[in-house]
Amino acid sequence: MLTPVIENICRAEGTRVLAGLIRRFGDFDLAEDALQDAFAKAIEVWPAQGLPAAPAAWLTTVAQRRALDLMRRRRAGPHYTDEPPDVAAQESDDEGHAAEISGIEDDRLRLLFTCCHPAIAQAAQMALALRTLCGLSTREIARAFLEPESTTAQRLVRVKKKILEARIPYEVPSGESLPERLQAVLGVVYLVFNEGYAGTDAPGLVRPDLCTEAIRLARLLVELMPQESEALGLLALMLLHDARRATRVGDDGAIMPLEEQDRTRWNREEIAEGLELLDSALALRRRGPYQLQAAIAALHARASRAEDTDWKQIAALYGGLLREQPGAVVELNAAVALAMAEGAERGLEWMARLGGREELSGYYLLPAARADLLRRLGRLAEARDAYRAALALVRNPAERGYLDRRLAECGG
Amino acid sequence: MQYMILIYGDEKNFAQMASSPEAQKQMYAAFTKYTKDMRDAGIMRAGSELKPTSTATTVRVKNGKTVTTDGPFAETKEQLGGYYIIDVPNLDEAVKWAARCPAAQGGSIEVRPVGVMPATV
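Those sequence lines, one after another, are chains L and G.
Residues 1 to 412 (our numbering) are what the first sequence spells out, left to right.
Residues 1 to 121 (our numbering) are what the second sequence spells out, left to right.
It is possible that part of the hints are untrue.
[Claimed, not checked] Cβ pair distances, simulated, as ranges: (1) L/Ala123 <-> G/Ile85: 30 to 40 Å; (2) L/Asp29 <-> G/Val67: 38 to 48 Å; (3) L/Gln227 <-> G/Asp10: 39 to 49 Å; (4) L/Val157 <-> G/Phe73: 25 to 35 Å.
[As the list claims (entries may be wrong)] From the structure, some residues in chain L lie toward chain G, with a derived Cβ separation under 7 Å: (5) Ala119; (6) Glu165; (7) Ala166; (8) Arg167; (9) Ile168; (10) Pro169.
[Unchecked claim] Simulated pairs of lysine to any residue, SDA-like, Cα-Cα distance not exceeding 25 Å: (11) L/Lys162 <-> G/Met4; (12) L/Lys161 <-> G/Pro89; (13) L/Lys161 <-> G/Val111; (14) L/Lys162 <-> G/Pro89; (15) L/Lys162 <-> G/Pro113; (16) L/Lys162 <-> G/Val95; (17) G/Lys12 <-> G/Pro102; (18) G/Lys96 <-> L/Val172; (19) L/Lys312 <-> L/Leu299; (20) L/Lys312 <-> L/Trp266; (21) G/Lys96 <-> L/Ala123; (22) L/Lys162 <-> G/Arg112; (23) L/Lys41 <-> L/Ala57; (24) L/Lys161 <-> G/Val95; (25) G/Lys96 <-> L/Pro173; (26) G/Lys25 <-> G/Glu11; (27) L/Lys162 <-> G/Gly107; (28) L/Lys161 <-> G/Met117; (29) G/Lys96 <-> L/Leu164; (30) L/Lys161 <-> G/Glu93; (31) G/Lys36 <-> G/Ser48; (32) L/Lys162 <-> G/Tyr83; (33) G/Lys12 <-> G/Glu78; (34) L/Lys312 <-> L/Glu260; (35) L/Lys162 <-> G/Asp87; (36) G/Lys25 <-> G/Glu78; (37) G/Lys77 <-> G/Glu11; (38) G/Lys96 <-> L/Ser174; (39) L/Lys162 <-> G/Ile43; (40) G/Lys96 <-> L/Gly175.
Just so you know, the hints here were simulated from the structure itself, not pulled from any lab data.
The model shown is predicted, which means the values in this text are computed figures rather than measured ones.
Here a beta-carbon is modelled for each residue, glycine too, at the ideal position from N, C-alpha and C.
Just chain L, same shape as in the assembly:
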C-alpha cells in the first residue's frame, strides 16, 4: 500500500504548504481545511497516477484551488469584513505556484512569529505552533497538555478567530521589534520543551513528545535564522538536556539526580550536536541567557564522571546568567553551583538569604536543595526537616520518590 508513504510525504511537506496557504489567504481555518482536502485527494489520486515529481507544488496547487472554492461558497453567505478577498486577482496567478514555492522558507518563519505573537495568550501560542508547525492534531495537543480535547479545540478556534479579526500581521517583524519578538518565539519553544521535560507526572499516559516537538521547532528556527546566536543556543540547550532524558528517572520511577545518573546512557549523538551548535553560537559573539544555560549543560555533558564536573566554571556561568536574567530561581541554581565549587556552607548561607524571597515561597526546590547540602554536611536532623518541608510542597510522584528516598537515607 502506498498510503503510509503518502502520509509521510504529507507530514513532511504539510508545514511548508500550509504556511504558504495562510499567507495567501490570510485565514488559518481555510488554509487547514484546504490542505486536509488536498491530502485526501493525494491519497485518492497518487496510487493510481504515481507520485508527482514535486509533491509540495502538487499539494499547493490542489489546496489553493480548493481554498478558492471554499471562499466562493462562503461568499454566498453574508460576510462581515470591510475588504472582501480579491478572488479574481488570486485566481489569475493560480499557475504561479512554482514562484510560490521559492518563498516558502519565509512563510514558515512568518507562521512561527505569528503563532508566538504577544497579543495571543501563551497557552494558545503553544497550541497553535504545535498544530500548524508540528502538525499535531487537536487530540494530541490536548493529551500533551493534559486538558480535555474540547478545551484545546476551543482555544484553537478562538486564537484563529482573533488572528483573523484583529488582523494580527503574518510577517516577520522588522528592525527594532525583531529582537523582542524573537525572544518571545524562543520563549514559547522553550516553554513547550519544559512542558515535556517536567511532564513526568503522567506515567503510562501516551503523551506526544513535546521535547521532540520543541526541538523540531528550534531546528526550524535555526535553519531559517542561522545567524541568531540565541536560537542556536536554545537548540543546543534543549539537545543537551534531552540527551539525559533516559536517565532522569530511575527504575523505581523516582527522579534520579544528575550525580547518580548512568552517564553511559546519555545520548552521545545529541550531546555532540549540542556542543557543536553551542560552538557556532558562541562564535557569533552575541551572548545571551540560552547560550549561558547551554554552556552550563555542556559542562555537565563533558564530565564523564560526576566528580569530574567543573563546578567552578559552572558557578561563574551562573554569575553571568544572573546578570542577564536576574531572578530567585536562577539565584538558587547559582547557590547550588557555589556550594559544589566552594563548599556546602557557602551555598547554605546564600540559600538562607533566599528564604525570604516571595518568588520562592511554595517552591519545593529551595528546601530540597537545602536538604541535599545539609545531608552532605552530615547535619541529618536538619536535613530531615528540610526534606519534609520539600515533600509538603510537591505532588509529582517522581519528585516525591526522590525526596522520600533521601529522607530514608537520613534516617527519617
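Start from chain L and add chain G according to the hints.
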C-alpha cells in the same frame, strides 16, 4: 482596518488632577500632541474624552419598557475615559499607537478591531 483605542484609568486620579492646574495642563498638552501626531499620520478617524462615569446613564429595554439606571454599565477599578478610532493596516500598528497614548502610563489601553455592518443591511 479600523481599531478603537479605549482609554481606561482610575477616575480618582483624574479628579485629583483638577486640583493641580500644572499637572492638568501637562496632561492636556500631551493629549493634544498625541492627537496631532495621529492626524498628521493620517490615521485618525475619531476620538474624544468622555465625562466621568458619575454622569453616565445605563439604558435597558425590558418588556418594551425603557429602564434607565444611574451610573456606568459596570463598576470597575479603571473606567473608560476616552477613545480614538484609528485606521491602520494591522494590529502591530494599532498597538504601537496605543503605546504612545499618554494614558498608557498608569492606565490601560484596550485595542479592539472595529466591526463592519454586513453590506446587506
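Q: Would you settle whether the hint for L/Ala166 is holds or violated, based on the nearest Cβ-Cβ distance to chain G being less than 7 Å?
A: holds (5 Å)
Q.
For a C-alpha distance cap of 25 Å, please report whether L/Lys162 and G/Tyr83 respect it.
A. Satisfied, since the Cα-Cα distance of roughly 21 Å is no more than 25 Å.
Q) Hey, L/Lys162 versus G/Met4, does the alpha-carbon distance stay inside 25 Å? A) Between L/Lys162 and G/Met4 the Cα gap is close to 15 Å, so the pair holds against 25 Å.
Q) Do the alpha carbons of L/Lys161 and G/Met117 lie within 25 Å of each other, as the hint requires? A) Status holds; Cα separation ~18 Å.
Q: Given the hint that G/Lys12 pairs with G/Pro102, test it: the Cα-Cα distance must not exceed 25 Å.
A: Within the cut-off at roughly 17 Å; holds.
Q) If you draw a straight line from the CA of G/Lys96 to the CA of L/Gly175, is it 25 Å or shorter? A) holds (14 Å)
Q | Pair hint L/Lys162 and G/Val95, alpha-carbon separation not exceeding 25 Å | A | holds (15 Å)
Q) Under the criterion that the straight-line Cα-Cα distance not exceed 25 Å, is the pair G/Lys96, L/Val172 satisfied? A) OK: G/Lys96 and L/Val172 at ~16 Å, within 25 Å.
Q. Within 25 Å, alpha carbon to alpha carbon, are G/Lys77 and G/Glu11?
A. Between G/Lys77 and G/Glu11 the Cα gap is close to 9 Å, so the pair holds against 25 Å.
Q. Keeping to a limit of 25 Å between CA atoms, is the pair of L/Lys161 and G/Pro89 held or broken?
A. holds (17 Å)
Q | Hint consistency between L/Lys162 and G/Pro113 [alpha-carbon to alpha-carbon, up to 25 Å] | A | holds (10 Å)
Q) If you draw a straight line from the CA of L/Lys312 to the CA of L/Trp266, is it 25 Å or shorter? A) Holds, at about 23 Å.
No hint from the list above goes unmet by this structure.
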